[in-house]
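Taken in order, these protein sequences are the chains called Z and C. With the numbering used here, the residue at position 49 of the first sequence is 49, and numbering never jumps. With the numbering used here, the residue at position 142 of the second sequence is 142, and numbering never jumps.
Hints are computed from structural coordinates only; laboratory data are not their basis. This structure is a prediction, so every number in the text was calculated from the model and none was measured. Even glycine gets a Cβ: it sits at the ideal position worked out from N, Cα and C. Each hint should be verified, as a subset may be incorrect.
Unchecked claim - Just a few of them, taken from the derived set where beta-carbon distance is under 7 Å, the chain C residues facing chain Z:
{"id": "1", "residue": "Met39"}
{"id": "2", "residue": "Thr43"}
{"id": "3", "residue": "Lys47"}
{"id": "4", "residue": "Pro50"}
{"id": "5", "residue": "Tyr51"}
{"id": "6", "residue": "Val55"}
{"id": "7", "residue": "Val62"}
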Amino acid sequence: MDTSQYLEIFIDETKEHLQSLSDHFMVLEKEPDNADTINEIFRSAHTLKGMAGTMGFVNMQNLTHKMEDVFSVIRDGNMKVTPDLVDLLFRGLDALEAYQDNIINTSSEGDETNDDIVNALISMKEGKPVEDAPKSESAPKAEEHKAEDAAPAASGGDNAAKKYLDISFADFEKNAIKEADEQNKNVYGITVYIQENCLLKAARAFLVFKELEVLGEVVKSVPTVQDIEDEKFDLDFSVILITDAPEKEVVAAIKTVSEIDKVAIGKLNVSEIVDGGAKAEADTKQEGAQESKSEESAKPAAAAAKKAKEDKKAPAKTSSKPVVNRSVRVDIEKLDDLMNQVSELIIAKNGLVSVSESETASTDSQSFTEQIEYLERITTTLHESIMKVRMVPIESVVNRFPRMIRDLSKKLDKPMELYMSGEDTELDRTVIDEIGDPLMHLLRNSADHGIESVERRQELGKPEQGSIYLNASQVGNNVVIEVKDDGGGIDVEKVRAKAIERGTITEEQAEAMEDKDIIDLLFLPSFSTAEKITDVSGRGVGLDVVRSKIEGLGGDIEVRSKKDEGSVFTIRLPLTLAIIQALMIELGEEKYAIPLNSIETIEDVAVSDIKYVKSKEVIHLRGTVIPLVRLYDLLDFPPREETEDNITVVIVSKGDKQAGLVVDNLIGQQEIVIKPLGKYINIEKIISGATILGDGEVALILDANALV
Amino acid sequence: MAEIDINGEVIESTQYIVVKIDDEQYGIDIQYVDNIVRMQRITRVPKAQPYFEGVINLRGEVIPVMSMRKKFGLADDVETNKTRIIIVKTEAQALVGIRVDEVREVVTLYDNVIEKRSYDKNKEEANDYLLGVGKNGEELISLLNINAVIAEDI
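Work out the full structure, taking the sequences as your base and the hints as a guide.
Below you can see the structure in the form of structure tokens.
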């Protein structure tokens with residue numbers, strides 16, 4: 001079988017299952033008796049095995065098979081989960097990930113058989129059977145039943161596969177069935193299983209219905225026909241068919257549709273249905289139970305396992321709720337193209353806007369303006385939709401961290417726990433791809449240098465177990481990610497001493513600097529790359545890299561720390577990169593854009609209200625002292641005399657710092673497309689890019705963060 | 001590149017766009033020229049290198065423009081009807097505009113009429129921009145090493 005077309009789907013699903021295994025192993029480590037978890041692991045391992053087998057990845061299949069074996073023993077209560085076992089399982093997981101990486105890179109799993117892990121698993125399974133282990137009672141019975149069905153050697157005619165038995169009927173349906181029975185017609189319950197890798201489930205189901213309607217009348221289907229058409233079903237659906245045709249013919253008709261995995265069929269006991277039995281009992285003879293496997297046994301079993309898993313999520317209800325998110329995979333490049341075109345459209349739209357504004361009032365101008373506004377609304381929504389398409393939950397990056405902290409905890413011999421929140425916060429795809437490393441770096445820092453040794457924590461009266469928090473949330477147009485620990489914090493004095501020793505700052509400077517500024521020194525490249533300074537209460541290795549990466553994404557990072565209480569690193573990232581809302585301002589003859597998300601307020605300030613602190617201009621605004629930045633001078637305009645009595649000040653902020661930018665005129669708010677300035681031209685940090693205005697003119701974008 | 005055969009000898013040739021900057025004529029290898037546009041509004045970029053006039057909008061892309069006069073330390077540019085911006089695509093595949101006083105013509109120069117640049121220690125700086133000098137009839141054309149002109153940072 002040519003499986004290459006399924007490779008992508010296989011890789012995606014494998015990723016999901018490996019992640020699920022990793023999550024559940026973590027749970028298992030803490031709650032070795034958690035039956036739900038054990039079942040989940042069993043299922044994931046089983047599905048993986050099936051998928052790997054189908055794709056011909058033998059080593060992977062073998063390893064997952066052994067893992068599954070161990071879990072089937074555990075699930076039956078004949079063995080207990082030990083820390084050794086969990087360690088072994090994690091090793092197995094790493095091996096599986098290695099296979100996956102190989103497959104991604106070379107589309108072959110490689111030659112590594114991981115015999116040591118396989119053998120260890122075998123001896124685990126055989127060597128330590130524990131008698132009298134507590135039965136996993138908490139697992140719902142029905143679920144176990146189905147899970148057993150999922151086992152590779154699932155007996156062909158097991159009732160669990162016949163979901164149609166669970167169908168309940170309304171009165172008119174009962175009447176129809178009764179009538180049919182009186183006419184000596186056959187009433188069949190049929191459950192059709194579609195192959196797991198089928199891409200057009202709804203289409204297949206539709207074809208099945210078409211075939212069945214030729215043979216007779218479909219009185220009922222679960223889920224409903226509408227839901228099936230909308231693909232709101234998993235891999236199976238059940239129908240009740242009234243027909244003259246014999247069972248064989250029905251099965252044959254269904255099987256003419258491709259990508260059907262198997263068909264479970266049986267005659268319904270009409271009297272029982274009609275007599276008001278809520279549940280239709282099976283035709284006990286089971287004579288007609290037919291099962292045909294179009295592929296190797298692993299496939300249907302895998303499908304059943306998956307089905308069982310879904311069942312648990314939405315217990316008993318096979319009704320309208322979509323079980324699986326409907327999605328389309330799209331190459332990121334196509335999205336980028338689309339994004340570029342939307343950018344062009346916005347530029348063109350801005351062009352129209354500026355034409356309409358410059359046009360002298362004609363009779364048409366009213367409706368013209370209306371149309372322009374309409375266009376403006378559409379382009380804005382279009383842009384938002386496209387941005388949303390590019391958004392990915394941060395979960396895909398952070399879900400590997402609990403495992404990392406667990407490993408670090410073992411390696412460093414310090415008990416610690418990672419608490420995460422806001423994993424569903426979404427960020428632009430391009431940001432997601434870049435943010436993983438910096439976050440990992442910060443977490444490692446916290447684990448390695450932040451959290452103190454157990455003895456030290458006891459001395460301080462802290463709980464023995466260190467806590468690290470990773471919180472993500474959306475604040476306005478930004479996403480804020482916090483990495484927090486309750487460890488030793490940054491020893492400012494040590495950093496100060498080190499900075500003086502290394503000549504980064506002089507002693508006098510050090511005296512004058514506030515703690516906060518001292519901590520900021522840690523982000524300097526010279527401070528971290530030269531030699532290891534882990535002795536300085538830890539922090540410092542590679543923080544400059546973290547910062548430059550985050551600033552490269554248009555974000556910023558701040559750190560707060562208190563000795564013996566812990567540190568908080570706060571990362572602020574823009575939601576989108578390409579198109580932003582900006583305030584257009586005028587300086588002399590030139591126009592500049594200031595990103596709206598960094599603007600706090602706009603103030604009209606009397607020149608006489610300007611005060612001086614250390615011979616620098618400041619203003620007093622609602623209790624805060626805000627330094628003024630004269631953009632006119634900063635941007636090298638020819639000197640001029642100030643004549644106005646009042647100045648317009650745009651207050652921008654970065655974190656809790658503020659600055660007032662003095663501008664000549666405000667033009668208004670506009671959606672702008674960020675363009676790079678091109679190679680060869682050197683630009684200072686205060687200019688973050690350029691944009692093309694409606695009239696084709698280029699305006700520069702000021703980076704408020706660099707001005708604060 | 002074209003080739004001619006004179007007395008069995010193969011001589012390579014290159015096409016140059018001849019531009020006028022101040023009183024001199026310069027040749028720019030046509031393979032690096034992407035486009036020639038009329039003078040248009042240039043947005044000043046504060047704190048960039050002094051010889052960069054700023055950026056322009058070329059069909060939706062923002063492109064930096066440098067002044068050859070400023071680069072060569074000549075008298076300031078005067079905008080006339082003949083002023084042009086030559087859009088050059090460098091070997092690094094980046095677009096840069098070069099402001100010149102006038103674009104004259106396209107000439108084909110054979111290697112035998114080009115005097116390769118000689119290393120002159122005293123004039124090293126100026127020579128870095130030049131590949132050599134070509135003779136087109138009676139006229140002399142200084143052939144620009146355009147990648148060096150653009151990439152070099154003073």
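Verification of the supplied hints:
| no. | hint | in the structure |
| --- | --- | --- |
| 1 | Met39 | 14 Å, violated |
| 2 | Thr43 | 4 Å, holds |
| 3 | Lys47 | 4 Å, holds |
| 4 | Pro50 | 11 Å, violated |
| 5 | Tyr51 | 10 Å, violated |
| 6 | Val55 | 5 Å, holds |
| 7 | Val62 | 4 Å, holds |
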